[in-house]
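Asker: Generate the whole structure from the sequences, applying the supplied hints.
Chains A and W, in that order, give the protein sequences.
Numbering-wise, the first sequence is residues 2 to 112 according to the numbering used here.
Numbering-wise, the second sequence is residues -5 to 108 according to the numbering used here.
Treat the hints as calculated values from the structure; they're not laboratory data.
Careful, some of the hints might be misleading.
On the chain W side, residues computed to face chain A include the following (Cβ under 8 Å) [unchecked claim]:
1. Arg36
2. Leu38
3. Phe40
4. Lys95
5. Gly99
Remember, it's a predicted structure, so these values are computed and weren't measured experimentally.
Backbone N, C-alpha and C fix where the C-beta goes; we use that ideal spot for every residue, glycine too.
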Amino acid sequence: DAGITQSPRHKVTETGTPVTLRCHQTENHRYMYWYRQDPGHGLRLIHYSYGVKDTDKGEVSDGYSVSRSKTEDFLLTLESATSSQTSVYFCAIQVIDYGYTFGSGTRLTVV
Amino acid sequence: AQSVAQPEDQVNVAEGNPLTVKCTYSVSGNPYLFWYVQYPNRGLQFLLKYITGDNLVKGSYGFEAEFNKSQTSFHLKKPSALVSDSALYFCAVRDPGGYNKLIFGAGTRLAVHP
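Answerer: Now the structure itself:
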């Protein structure tokens, strides 16, 4: 999607290892979000950021941390991956009129 | 607590027939409501929003949605379905707690049959 990229697109990792997902935007938007998508649950907010070094927890933040050292980058870290964190992760930026633009997602499998 | 409900896991429609995907919400204050669509292996794409004004809002790809305050609903509609409309649809409401967070429903899979 225009202006926002996620990396990697796919990752398989072992239980107990740390994992970092990256979200990069080119449009200088202030608000950025990390969601996870699971069947039957829709999208649930993990963490969000409202500026450089300004972040806060969402609905399902346990086991996750984030960092935003530059406006354009928002990193999501799974401190010690568990099988329950197998999911599709989406980054989003808040654009004009309150709507979001989403990245293409990262499919993470924890084995 | 703020929430969004999409009561149907799946909606099946014949091509050419009208379609409705249902959404109800619970939020304090005036709701800001959204519909997004997700095609396979893709991110979510914005379809339409209601912030204020006319209760019938028009969006992308011929979709529209009707805001009903008394029934706390925001149903997505299209007069004539296409096979290419088959996708996963999400309703969302803005969290009044600030920071423009969105609360999403569980999603409804729309299947349009030829």
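Asker: Look at each hint and say if it fits the structure.
Answerer: Going through the hints against the structure:
1. Proximity of W/Arg36 to chain A holds as hinted, the smallest CB-CB distance being about 7 Å (cut-off 8 Å).
2. With its C-beta approaching chain A no nearer than about 5 Å, W/Leu38 sits inside the 8 Å limit, and its interface hint holds.
3. A hinted interface residue such as W/Phe40 counts as satisfied when its beta carbon comes closer than 8 Å to some beta carbon of chain A; here the least separation is about 5 Å, so the hint holds.
4. Taking 8 Å as the C-beta cut-off, the interface hint given for W/Lys95 holds, the closest approach to chain A being about 6 Å.
5. Against a cut-off of 8 Å between C-beta atoms, the interface hint on W/Gly99 holds, since the closest Cβ of chain A lies about 5 Å away.
Hint check: no violations occur; every hint is consistent with the structure.
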